[in-house]
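J.: One-letter residues, chain by chain:
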Amino acid sequence: MATVRFAKASRIYAANQAPAVNRLDLDIADGEMCVLVGPSGSGKSTALRMLAGLEPVDDGAIFIGERDVTEVEPKRRDIAMVFQNYALYPHMTVRDNMGFALKMAGVSKPEIMRRVDEAAKLLELEPYLDRRPKALSGGQRQRVAMGRAIVREPQVFLMDEPLSNLDAKLRVSTRTQIASLQRRLGITTVYVTHDQVEAMTMGDRVAVLKDGLLQQFDTPIGLYDRPANLFVAGFIGSPAMNLLAGVSTSGGANVLGATVATPGTQVAADTRIVLGVRSEDLVVDSDAPDSECLTLNVELVEELGSDAYIYGIAAGSDTRIVARTAGRQAPARGERVRVRIRPEHLHVFDEATGVRL
Amino acid sequence: MTMSDLDYSAQVLTRHKRRSTRRIVRDGVLLVVMMLVAVVMLYPFYFMINTSFKSNDQFLNGGGHSFASWAKLNANLPWARELLNSTIVCFSAIALILIVSTMAGFAFAKLHYRVQTFVFLGIVAALLIPMQSIIIPAFVNLSRVHLLTSYWGAVLLYAALGTPFATFLMTAYFRGLPDDVIEAGIIDGLSYGSIFRRIALPMAVPAIVTIVVLQFIQIWDDLLVGLLFLQNTDQRTITVGLGVLASGRTADFPVLMAGSLVSALPAIIVFLIFQRFLINGLTAGIGK
Numbered sequence: 001m002a003t004v005r006f007a008k009a010s011r012i013y014a015a016n017q018a019p020a021v022n023r024l025d026l027d028i029a030d031g032e033m034c035v036l037v038g039p040s041g042s043g044k045s046t047a048l049r050m051l052a053g054l055e056p057v058d059d060g061a062i063f064i065g066e067r068d069v070t071e072v073e074p075k076r077r078d079i080a081m082v083f084q085n086y087a088l089y090p091h092m093t094v095r096d097n098m099g100f101a102l103k104m105a106g107v108s109k110p111e112i113m114r115r116v117d118e119a120a121k122l123l124e125l126e127p128y129l130d131r132r133p134k135a136l137s138g139g140q141r142q143r144v145a146m147g148r149a150i151v152r153e154p155q156v157f158l159m160d161e162p163l164s165n166l167d168a169k170l171r172v173s174t175r176t177q178i179a180s181l182q183r184r185l186g187i188t189t190v191y192v193t194h195d196q197v198e199a200m201t202m203g204d205r206v207a208v209l210k211d212g213l214l215q216q217f218d219t220p221i222g223l224y225d226r227p228a229n230l231f232v233a234g235f236i237g238s239p240a241m242n243l244l245a246g247v248s249t250s251g252g253a254n255v256l257g258a259t260v261a262t263p264g265t266q267v268a269a270d271t272r273i274v275l276g277v278r279s280e281d282l283v284v285d286s287d288a289p290d291s292e293c294l295t296l297n298v299e300l301v302e303e304l305g306s307d308a309y310i311y312g313i314a315a316g317s318d319t320r321i322v323a324r325t326a327g328r329q330a331p332a333r334g335e336r337v338r339v340r341i342r343p344e345h346l347h348v349f350d351e352a353t354g355v356r357l
Numbered sequence: 001m002t003m004s005d006l007d008y009s010a011q012v013l014t015r016h017k018r019r020s021t022r023r024i025v026r027d028g029v030l031l032v033v034m035m036l037v038a039v040v041m042l043y044p045f046y047f048m049i050n051t052s053f054k055s056n057d058q059f060l061n062g063g064g065h066s067f068a069s070w071a072k073l074n075a076n077l078p079w080a081r082e083l084l085n086s087t088i089v090c091f092s093a094i095a096l097i098l099i100v101s102t103m104a105g106f107a108f109a110k111l112h113y114r115v116q117t118f119v120f121l122g123i124v125a126a127l128l129i130p131m132q133s134i135i136i137p138a139f140v141n142l143s144r145v146h147l148l149t150s151y152w153g154a155v156l157l158y159a160a161l162g163t164p165f166a167t168f169l170m171t172a173y174f175r176g177l178p179d180d181v182i183e184a185g186i187i188d189g190l191s192y193g194s195i196f197r198r199i200a201l202p203m204a205v206p207a208i209v210t211i212v213v214l215q216f217i218q219i220w221d222d223l224l225v226g227l228l229f230l231q232n233t234d235q236r237t238i239t240v241g242l243g244v245l246a247s248g249r250t251a252d253f254p255v256l257m258a259g260s261l262v263s264a265l266p267a268i269i270v271f272l273i274f275q276r277f278l279i280n281g282l283t284a285g286i287g288k
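These protein sequence lines are chains P and X, in that order. Each residue of the first sequence is one higher than the one before, starting from 1 at the first, in the numbering used here. Each residue of the second sequence is one higher than the one before, starting from 1 at the first, in the numbering used here.
Read the hints as simulated data drawn from the structure, not as lab findings. Hints are not guaranteed to be accurate.
Quick list of in silico lysine-lysine cross-link-like pairs, BS3-like style, CA-CA up to 27 Å [claimed, not checked]:
#, chain 1, residue 1, chain 2, residue 2
1, P, K109, P, K134
2, P, K75, X, K110
3, P, K103, P, K75
4, X, K17, P, K134
5, P, K134, P, K121
6, P, K103, X, K110
7, P, K109, P, K121
8, P, K8, P, K210
Now the in silico label distances, taken between C-beta atoms and shown as ranges [as the list claims (entries may be wrong)]:
#, chain 1, residue 1, chain 2, residue 2, range
9, X, S191, P, Y13, 24 to 32 Å
10, P, A15, X, Y113, 14 to 22 Å
11, X, S191, P, M113, 20 to 28 Å
12, P, Y13, X, N232, 58 to 66 Å
13, P, Y13, X, N141, 40 to 48 Å
14, P, V301, X, V12, 39 to 47 Å
15, X, D5, P, V172, 35 to 43 Å
16, P, E66, X, D179, 45 to 53 Å
17, X, D5, P, E335, 29 to 37 Å
18, P, A14, X, I269, 38 to 46 Å
Glycine included, each C-beta is placed from N, C-alpha and C at the ideal position.
With the sequences and hints as input, model every part of the structure.
T.: Written out as structure tokens, the structure is:
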């Protein structure tokens, strides 16, 4: 077990291109599950591969514990990796796949057998030990890939989108298993995903990346409640946060014809801002005064049983807004509804820089 | 089930029956065409086998079978020795081809260095050179280093001629190996050499078998290289021996047919045993 630290680590592919990973600073605690999340091209997989030693570090350094591993070859970093496509050796049985790295490291046969059997028991792979990967389902192969990493008893687990090839139902059940396994083993884990739901449910802390730059590194609830900038605000949370352009007034903001108080935010008046409102903070309220309400022309209603999401266009503009309401009280398509903005959980961002104010 | 459900089932099954009849007729026509093609393709083999079991008289005047031609072949062609020579030359050349092409293919596919493209294009360009245009310089060179009196001359030339295509095939195959399997090997502590031996080669068995089969057929059936580069009569391959027999005995056709059968059988057997690997090996690497 060990800490992991990226110290202004960069990966640059070509002189005339922006760095794929741009001076990344990240401090991951011992035993922590850190999730790297971001859209395609954000540098999350590249950062993971730099930690694994599969990509060179062009600037800065990477530490595992107190050891600078920037120039250390992968086999000496004491890491284990689970790949997106599992990367199992097709000509070997499950047992041989799981024990292969230990065999290469010169571990004794009885010890290899003990560790493999233990991991197989933990992952419910005992009936499949003598099968080859082609005779396994996707979920079973994924568990074999996990088992291959577990038997090495590394200091750090690296996981590169291990659930992306599973069907939706299996993905949900497997991510719970991975999270509880990681807590049980207590091994520092760096987990890459593009799915923000996966990030929020699995990570102790989540690092949001965009275009190679770290946007925010915080707990899931910290990202949800206090997004550092417009990108994080729009990326985290499903459905995405409503981002409404407006102008600050003294003590509040004017957006789409409605005036909203913005307590806890110190902004000079007449500053162009973007107001972030989550769907659950827009309340359908036909009795609220006009000045505090937005009127929505309902385009679509998503009924989810206990809740419903109203997708509409704000009257007098082309701004799309989503509001949450109780499942059995949803309006119909084509109706006009009035929604009041609750001021307690508003987010105010500078329109020019995107930074939270 | 209601009456209307039963009527519906009967209706659907009747439609199926009509479709089946059309399919039967179509399949029947296909079968007849394919049988005709099969007859055309197999007739030469039938002719060869049938004629080899006749004496020259029986062949010329029709009627009857005998082992006379086989007895004559045994007396005039040291077929066992020549089969052994063919086997030695074939498998030695194939071993060299495999050693070079597998390593080169892996390097081209998975390692990246500056002049890689030029080197690969150079090897592929060698495929364009007809063997007949280099045979005389090759003869001169090999005679200067005294390799015409051993198997090595023919073995080295067959290996040189077969390696470009084999390298091309292995490169295409190794390109289809997922990079993350290689990276998993690196994380597991393997060097590139170990990855090649322990992971890439076992995964490349279909391509290797394809190369073995194709090269075996090509080398086994070759006449020109064997005739020029195996100067000792003791080292003649079966194809060369048959060629010599043909030049001396133009009138005895059944004996030639018996000799051709001896020569063709090993290649046919190898092909029949390994044919399913051929499709896998030739089409591997295409697509995801």
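J.: Hint by hint, say whether it matches the structure.
T.: A quick look at each hint next to the structure:
1. P:K109 x P:K134: Holds: P:K109 and P:K134 sit about 25 Å apart, inside 27 Å.
2. P:K75 x X:K110: 19 Å, holds
3. P:K103 x P:K75: 13 Å, holds
4. X:K17 x P:K134: 39 Å, violated
5. P:K134 x P:K121: With a Cα-Cα distance of about 21 Å, the restraint between P:K134 and P:K121 holds, given a limit of 27 Å.
6. P:K103 x X:K110: Between P:K103 and X:K110 the Cα gap is close to 24 Å, so the pair holds against 27 Å.
7. P:K109 x P:K121: Holds: P:K109 and P:K121 sit about 18 Å apart, inside 27 Å.
8. P:K8 x P:K210: Distance of about 16 Å is within 27 Å: holds.
9. X:S191 x P:Y13: 24 to 32 Å: 26 Å, holds
10. P:A15 x X:Y113: 14 to 22 Å: 20 Å, holds
11. X:S191 x P:M113: 20 to 28 Å: 26 Å, holds
12. P:Y13 x X:N232: 58 to 66 Å: 60 Å, holds
13. P:Y13 x X:N141: 40 to 48 Å: Since the Cβ atoms of P:Y13 and X:N141 sit about 46 Å apart, the hinted range of 40 to 48 Å holds.
14. P:V301 x X:V12: 39 to 47 Å: Since P:V301 and X:V12 have Cβ atoms about 41 Å apart, the given range 39 to 47 Å holds.
15. X:D5 x P:V172: 35 to 43 Å: 40 Å, holds
16. P:E66 x X:D179: 45 to 53 Å: 32 Å, violated
17. X:D5 x P:E335: 29 to 37 Å: Distance hint for X:D5, P:E335 is violated at roughly 44 Å.
18. P:A14 x X:I269: 38 to 46 Å: Given about 55 Å between the Cβ atoms, the range is violated.
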